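Chains as they are written, first to last, in this note's numbering: chain H, 1 to 407; chain D, 408 to 681.
Keep in mind the hints are simulated off the structure, nothing from the lab.
None of these values were measured; they are calculated from a predicted model.
Positions of the beta carbon are idealized from the N, C-alpha and C atoms, including for glycine.
Misleading hints may appear alongside valid ones.
[Claimed, not checked] Which stretches of chain D does chain H cover? Using the computed rule of at least three CB atoms under 8 Å from a CB of chain H, they are:
{"no.": "1", "stretch": "545-559"}
{"no.": "2", "stretch": "594-603"}
{"no.": "3", "stretch": "624-634"}
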Amino acid sequence: MSSVSGNTTDNPASRGSRSACVYRTVTSLKCAMGVVLLIAVACIAGTLLPQGRQVEEYLAANPDAAGRMRVLDAVGLTHVYDALWFKGLLGFLGVSLLICTTRRYRAVRRSSGRRRIRAAGSLITHISMLIILVGAVVRGVVGQKGFMSLHEGERASSIELAGGGGVALPFSVRLVDFDVEFYSETDAPRDVSVSNRVPGYVVLAWRQNEHVTRLPVLVGEWQAIPGSQGSAVSGLELQVRQYVPDFLADMTTGEVTRRSDQPNNPAIQVSVRGGSVGIDQWLFARFPRFKMHGKHEDAVTDEPPFLLYYELPHKPVEQRQVKDWRSTLEVVQDGQVVLEKTIEVNDPLRYAGYTFFQSGYNPNDPTWTSLQVVKDPGVPVVYTGFILMVIGLCVLFCVEPLLDRAS
Amino acid sequence: MDAILNACLATALLSLVLSTVDLCCRQRRGFGMAALVVLAVTAVGLSVYIGARWAAAGRPPFSNMFESLVLFAWTVAVLLLVLRIRIRLNMLSTAAALLTVVTLAYASTFTSEIRPLMPALQSNWLTFHVFSCFLGYGAFALSFAAAIAFLVAARSNSRVSEAVRSGLEVATAQTVSFGFLFLSIGIVTGAVWANSAWGTYWSWDPKETWSLITWIVYAVYLHCRFMRGWQGKTAAWIAIVGFLCVLFTYLGVNFLLTGLHSYAGLVSGVLNLS
Numbered sequence: 001m002s003s004v005s006g007n008t009t010d011n012p013a014s015r016g017s018r019s020a021c022v023y024r025t026v027t028s029l030k031c032a033m034g035v036v037l038l039i040a041v042a043c044i045a046g047t048l049l050p051q052g053r054q055v056e057e058y059l060a061a062n063p064d065a066a067g068r069m070r071v072l073d074a075v076g077l078t079h080v081y082d083a084l085w086f087k088g089l090l091g092f093l094g095v096s097l098l099i100c101t102t103r104r105y106r107a108v109r110r111s112s113g114r115r116r117i118r119a120a121g122s123l124i125t126h127i128s129m130l131i132i133l134v135g136a137v138v139r140g141v142v143g144q145k146g147f148m149s150l151h152e153g154e155r156a157s158s159i160e161l162a163g164g165g166g167v168a169l170p171f172s173v174r175l176v177d178f179d180v181e182f183y184s185e186t187d188a189p190r191d192v193s194v195s196n197r198v199p200g201y202v203v204l205a206w207r208q209n210e211h212v213t214r215l216p217v218l219v220g221e222w223q224a225i226p227g228s229q230g231s232a233v234s235g236l237e238l239q240v241r242q243y244v245p246d247f248l249a250d251m252t253t254g255e256v257t258r259r260s261d262q263p264n265n266p267a268i269q270v271s272v273r274g275g276s277v278g279i280d281q282w283l284f285a286r287f288p289r290f291k292m293h294g295k296h297e298d299a300v301t302d303e304p305p306f307l308l309y310y311e312l313p314h315k316p317v318e319q320r321q322v323k324d325w326r327s328t329l330e331v332v333q334d335g336q337v338v339l340e341k342t343i344e345v346n347d348p349l350r351y352a353g354y355t356f357f358q359s360g361y362n363p364n365d366p367t368w369t370s371l372q373v374v375k376d377p378g379v380p381v382v383y384t385g386f387i388l389m390v391i392g393l394c395v396l397f398c399v400e401p402l403l404d405r406a407s
Numbered sequence: 408m409d410a411i412l413n414a415c416l417a418t419a420l421l422s423l424v425l426s427t428v429d430l431c432c433r434q435r436r437g438f439g440m441a442a443l444v445v446l447a448v449t450a451v452g453l454s455v456y457i458g459a460r461w462a463a464a465g466r467p468p469f470s471n472m473f474e475s476l477v478l479f480a481w482t483v484a485v486l487l488l489v490l491r492i493r494i495r496l497n498m499l500s501t502a503a504a505l506l507t508v509v510t511l512a513y514a515s516t517f518t519s520e521i522r523p524l525m526p527a528l529q530s531n532w533l534t535f536h537v538f539s540c541f542l543g544y545g546a547f548a549l550s551f552a553a554a555i556a557f558l559v560a561a562r563s564n565s566r567v568s569e570a571v572r573s574g575l576e577v578a579t580a581q582t583v584s585f586g587f588l589f590l591s592i593g594i595v596t597g598a599v600w601a602n603s604a605w606g607t608y609w610s611w612d613p614k615e616t617w618s619l620i621t622w623i624v625y626a627v628y629l630h631c632r633f634m635r636g637w638q639g640k641t642a643a644w645i646a647i648v649g650f651l652c653v654l655f656t657y658l659g660v661n662f663l664l665t666g667l668h669s670y671a672g673l674v675s676g677v678l679n680l681s
C-alpha cells in the first residue's frame, strides 16, 4: 500500500490523530469551562421558570400559557435539576474533573517549590469538587427524605416520602411533648433611633370625657400632655423618671430594685407637673389597678384630671412571632426507650442513620408537630469535599502567595 | 445609634468628593491621602455602629436587609483600605467611596428596628455564613470597579500607562481570588447550616442557585489565565458579569424572584419572549 494516499479518511494514522484531536478537545479546559457555563445557564433557567409543582400554580394564574408550558416541559425546562440532560452535564463535569485531577497529580509530581504548592492546591480543590459530586450521587441513589406528623403521645414507625409512598423504620418515634415559644411584647421590634425609648405607652384616661391619650415611654424626657380630646394645651407635663423590667420594692423602706433583667414585672415611675398638679407614681404593666407612690419632690397634692396606666402592646396569638418550636421525642426500639431528646430548629435528633428535624407546627393545634426525616449517607462525603475545597483554596490563594512574597 | 450611621454616610460622601477631586486634579495636593483617611474614619464608624447594634440586639447584626447593607458597606471600605496598602490605584478609592455612599443611602430606606429572629436564623452558622459571603461580595465589588477601570484604560486611544493597566489587572485578579475564597466558604457554611436546619445541604433554592451561578462565573474567570485569548479584556468582562450575578444573588433574588411566586413580572416577561 502506498504510504501516500489521496484519501486520508482510510488512513489508520489519520483516524488515530482525529480521535486524539477529539479527545484533546473534549478534555480541554475550554470545553470544561463551556460545560460549566452551560450548567450556569441551565441554573438561571431553573430560577426564572416555574419548576415542579410551581407549574400548576402558574397555569392556574395564567391558563393561556398552557401551550408554552408544554413546550418547556418537553425540553425539561420545568424540571431542570431533575432533567437527564442536566445530570448529563454534571456527569460530564465529573469526568472532566477526574481527568483534570489526573493531570494535576502529574503536575504535582513533576514540579517543585512554589509551583508544586500551587499544583497541590489546585489538585486538592479539584478533587474536593469531585468528592462533592460523588456525595450528591450517593444522596440521589440511596438517600431518603420524608416527613412525620405526630400529636403529643402519638407514636410512628414509618415516614411519608416527599415523592409519595412510605418507608418503614426499624424503630418507632413517640412525641412526648410539643412546645411553642413566642416572643414577648418586650421582644417586639425596637426603634433604636431613640435610645431612651422603652417598650409600651403611658396611657392617660381622662376622667371627664373618657378620652384616652397615649404617650411613648421616653425615660428622662419631659413631654407636654395634650388637652383632653386631643386639643393642643393642657398645661401639664409628664416625665418617665425610670423604667424597671422586673420590679421589686422593699415595702418598709420603699427602696426600689430589680429582681432580674427579664421583663417579668415591667414598671415605670411617672411624674406629672403643671399648675397645681404634681404627682409621682409607679405604674405596673401587669397590674394596671395597682399604683405605688414614688418620691414627692414638692408639696402640691392636686391629682391630675386623668388616670395613668402603663400599657404594653398585646398582639393576638396569630400575630405573635414564634421564637422557637420544640418537640421532645422518644426513640423506642425492641420495646425499650433508647433515646430521648428535645429537638428544635438547628438541633435535630440522629438515630440509626436517620435525622429528625423540627419542621413546623399548627397554630390551631398546639399538640401537633411536623418533623422532616432524612437519611443521607452522602453527607459525610460532601462535608469531606467541603473541607478539602476550603483547604485547597486556602493553599492556592493564601499559602502560595505568602510564600511567593516571602521569597 | 442612627446618628453614627448618618455620620458614616457623611464621611463616605466626603471621601468620595476628595477622591474625585484627586482623580480630576492633575496637581495632586494630598486629596488622595485625605480621601483614604476619611474612608478609614468611615470604616471605624461603621465598625462602632455594627458593634453597638450587636450589643443592643444581643446577637450579630446580620439578619435582615438593613443590617446586611451596613455590613456590605463596611466590607467594601475595609477591603479597599487593605487593597490600597498593596496596590496604589486612586481610582479604586473613588469607586469604593461611591459604593459605600450608595449602599448606606439605600440602607437608610429600610427600617433600623431591631427585630427578633425567626427560629431558623437562631444559629451560630448565621454569623459565619453571612460574614463570609459579604467579605466575598465586598471583594467582588472592588474587582468590578477595577475591571471597569481596566477596560477604560485598555482602550486603544487611552493615555493610561501600561503600569496602571497592569495594576488594574492585578487588582482585579487579587480581589476576585479573595472574594472567591470567601464566597466558597460562605456557600459551604450555608450548606452546612441548611443541613442542620432543614436536613438538606442543597435544595436548588433560588438564593443557593444564584450563589452557585456567581461562583461558576468567577471560577471561569480564575481559569482565564490558562486559556489563550481569554485574558485581558475577556477576563475583565467576566469579572463584570460576575458582579452583576452578585447583585442578583444579593438583591435580585429577594426583590424579583420572590415576586415570581405570584408569577407576575420577570417570569411572565421571560415566557412572553418565547
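To see whether the hints hold, each was checked on the structure:
no. : hint    : result
1   : 545-559 : violated (count 0)
2   : 594-603 : holds (count 6)
3   : 624-634 : holds (count 6)
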